[in-house]
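S.K.: Next come the chains, spelled out residue by residue.
There are 2 protein chains.
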Amino acid sequence: MKSALSFLVAARQCEIADLEQLALTSELVSAIGRLTHALQKERGISNVFLGSHGARFGDQRLAQVMECEQVEQHVRGQFNGLNTDSGGLRNGARLFSRIAFVLQALDALPALRQRIGAQAVPAEEATAAMVRLIGGLLVVVFEAADSATDPEISRALVALFNFMQGKEFSGQERALGSAAFASGHADAAHTQHWLHLIESQERCFGVCTDFSDLALLRAWKASQPGDAMAELERLRRIGCALSATGTRNADLSQVWYDCCTMRIDAMKTVEDLLGAHLRGLCERKIAQARAELRDQKIIQASLLQQANAASLHTSAQYGPQLERSILGMVQEQALRLQAMGDELETVRASLNERKVVERAKGLLMATRKLNEDEAYKMLRQTAMNQNRRLRDVVEAVLAMADFL
Amino acid sequence: MKSALSFLVAARQCEIADLEQLALTSELVSAIGRLTHALQKERGISNVFLGSHGARFGDQRLAQVMECEQVEQHVRGQFNGLNTDSGGLRNGARLFSRIAFVLQALDALPALRQRIGAQAVPAEEATAAMVRLIGGLLVVVFEAADSATDPEISRALVALFNFMQGKEFSGQERALGSAAFASGHADAAHTQHWLHLIESQERCFGVCTDFSDLALLRAWKASQPGDAMAELERLRRIGCALSATGTRNADLSQVWYDCCTMRIDAMKTVEDLLGAHLRGLCERKIAQARAELRDQKIIQASLLQQANAASLHTSAQYGPQLERSILGMVQEQALRLQAMGDELETVRASLNERKVVERAKGLLMATRKLNEDEAYKMLRQTAMNQNRRLRDVVEAVLAMADFL
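These protein sequence lines map, in sequence, to chains A and B. Quick note on my numbering: the first sequence kicks off at 1 and runs consecutively. Quick note on my numbering: the second sequence kicks off at 1 and runs consecutively.
Just so you know, these hints were derived from the structure itself, not from any lab. Do not rely on the hints blindly, as some may be mistaken.
One copy or two, either will do: identical chains are not told apart, so a pair holds if it fits within one copy or between any two.
To be verified - Here are the simulated EDC-like pairs of lysine to aspartate or glutamate, each with C-alpha atoms no more than 16 angstroms apart in a straight line:
#1 Lys2 x Glu72
#2 Lys355 x Asp342
#3 Lys221 x Asp272
#4 Lys355 x Glu345
#5 Lys2 x Asp85
#6 Lys355 x Glu395
#7 Lys2 x Asp107
#8 Lys369 x Glu332
#9 Lys297 x Asp85
#10 Lys355 x Glu343
#11 Lys285 x Glu152
This is chain A alone, in the form it adopts within the complex (with noise of 0.2 angstroms):
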């Protein structure tokens, strides 16, 4: 029969292996983030190809589409590596059907690319299928800080997670930005929807914020020079006030692709500081919870010798004093995970607004028969025509759900 102190010590091995597996999650979410750049790279570039009517940026998006080519490869060579087989991985049947997502979108990039190449697609129609592939491809990450066992870890997921989705926002902001100043105009939807843009950054920043460490918010900091902000915000007021203007001027399309692709490259900067932060974390704890793992074994062989040379004396299993001893051991562990769980419900419960908007998203799809990015569209324009937040409007419709 097993013993308590088995028991013990099969609870540390399950916690070393859900940071194992958080490791390989990171070294994933790495390579995800370099194919999110790289693809944002080429949503803008093809915003100003198509905005342009193929006059800019046509070798430029050649090179872009090779450079995302390879990464791609790299990120299903990590899906690839992922172990399918036996069905233990934790949380997999979610993961596993948000990467069915993504690889269905990756195969239909290169008849995009074509369209996009014979300037057969709307720059609009581009953006929003390459805005629904990035998006695939964060939805993995927010499934990697979801289910996180380890508060730490799932703090620096969800300090990634926010600042990935925040950059995402700033490209989806250039790709915009490209396609107005390229094509000279802008209607007040399209404004509207670059301020909401604007502010989806700034709240996705701001939650990176609250979850990272001194050292990381610096070079947050470092990357936003006043400079080149004021310059951003320059071009933002012109860009916001195309609707109203309405003058082409192509050029102003390369200055603002510029500003902004430096911005997101520094960014990227920051993004990989994330990274390499989260996955030192990962491999500390794991260092550290198979010290903890061999001292425990030490001390229960040193208890059990005890209580085997005891039990020439007595006939119950243990003495009391190694019932004390295991008894203390028992509690301890018992009161770490208390302690770790409920750390681990206040960090993730920062991840829910993604889920009720996910969850009014839904209702909406359900009752109104719309997609998902109509759905989304009609949450974010009624937040809009009332001066409200998202997330009001979102949990209003949720309270609203039995009339809907």
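Since chain A is already given, all that's left is putting chain B on it; use the hints.
M.R.: Leaving out everything else, chain B in the frame of chain A:
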């Protein structure tokens, strides 16, 4: 390279593995129910035995101890059958550490029984030790409910957990009343505790009722006939008045014990129904998931065949029609998992009460240097003194965390 389709299959396989683990856990929960029931009886008998200074229930106690030992062997066997080697069990860290607690408490039981037999332990101390052990067993059930990934099974586990918890409060009431009637007196604190146990039972059965279907509700109602309840309430009234009247009536301890035991035995029948419902549900879900996986594989094989035929004509990886089919399958699965996740979160919310109580206890233990029992008593006492619900007190304590 693994395809989108193979990841869809892998996701399904993970769902099946999750369900299979839940089925195993359900077996474990049934075994725990049997042991809990036997220990509850032993606790009641021991209380009459100790309260009557060994005059009553001497033989019954020995017979009940033997029964407990038999059921204990069965539970130990179930623990033993758990796969502790691979570190691969979901929620393994928490579950195994809870099991370690139970095993340690079971190991300490023979010594406690010896002291009870020698009347060398106060009834209250013996009860407290048994309450801790049974509490540990119920926490194993709680962890199972908290880690379930299927909302319907989670519902069934939440219902079962709350029922077992309610039954345990009834058992504690039986023990408390047995000791009070046998010794002929109960102070004000005893009476307050008694009232708390009655209220706690009702809350637990209320939650269980919310999560159960009609057939189970009928069984529950049938197990509580009016005349038996009237007798119970009459005895409760006499018992709670003991602190004022203080008349010893040893016969009443037998009447009380029998009345409670009949009720608790009837509860066990309902608990068995809940357990059977849970196991049936697991079986059905597994069969259904396997059938769906089989169908999915057939569809995929035919899709891939079409793709291979099509690839004779085109260089693209899949044709556009195949692409749409895959996208449909991916979206369908994502929506299903999303809906399951939403429902799961709603069901799990009902488990939060226990979690906040645990957190408040932990806080008091850390800041006031109390042990677990003392911390819980302090919360309960505060609720009684202020005539507020335990939940409100607990939330107030957590809100004041920074000041403690």
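S.K.: All the hints need checking, so say for each whether the structure fits it.
M.R.: Status of each hint after checking the structure:
With identical chains, the CA atoms of lysine 2 and glutamate 72 are at most 16 angstroms apart between copies only, with a shortest distance of 14 angstroms across copies and 47 angstroms within one. Taking the closest pair of Cα atoms, lysine 355 and aspartate 342 come within 16 angstroms of each other only across two copies (8 angstroms); inside a single copy the shortest separation is 20 angstroms, beyond that limit. In this assembly of identical chains, the alpha carbons of lysine 221 and aspartate 272 lie at most 16 angstroms apart only when taken from the same copy (15 angstroms versus 61 angstroms across copies). Proximity of lysine 355 to glutamate 345 under the C-alpha cut-off of 16 angstroms is found in both arrangements, the shortest distances being 14 angstroms within a copy and 10 angstroms between copies.
For the homomeric pair lysine 2 and aspartate 85, the shortest alpha-carbon distance between copies (12 angstroms) is at most 16 angstroms, but the shortest distance inside one copy (29 angstroms) is not. Only within a single protomer do lysine 355 and glutamate 395 lie at most 16 angstroms apart by alpha-carbon distance; the minimum there is 11 angstroms, versus 24 angstroms between protomers. Proximity of lysine 2 and aspartate 107 under a CA criterion of 16 angstroms is satisfied inter-copy only: 12 angstroms between copies versus 50 angstroms inside one chain copy. Within a single copy, lysine 369 and glutamate 332 get their C-alpha atoms only as close as 53 angstroms, which misses the 16 angstroms cut-off; across copies the closest is 15 angstroms, which meets it.
Taking the closest pair of Cα atoms, lysine 297 and aspartate 85 come within 16 angstroms of each other only across two copies (15 angstroms); inside a single copy the shortest separation is 32 angstroms, beyond that limit. In this assembly of identical chains, lysine 355 and glutamate 343 lie within 16 angstroms of each other by CA distance solely across copies; the values are 12 angstroms between and 19 angstroms within a copy. Taking the closest pair of Cα atoms, lysine 285 and glutamate 152 come within 16 angstroms of each other only inside a single copy of the chain (9 angstroms); across copies the shortest separation is 35 angstroms, beyond that limit.
No hint from the list above goes unmet by this structure.
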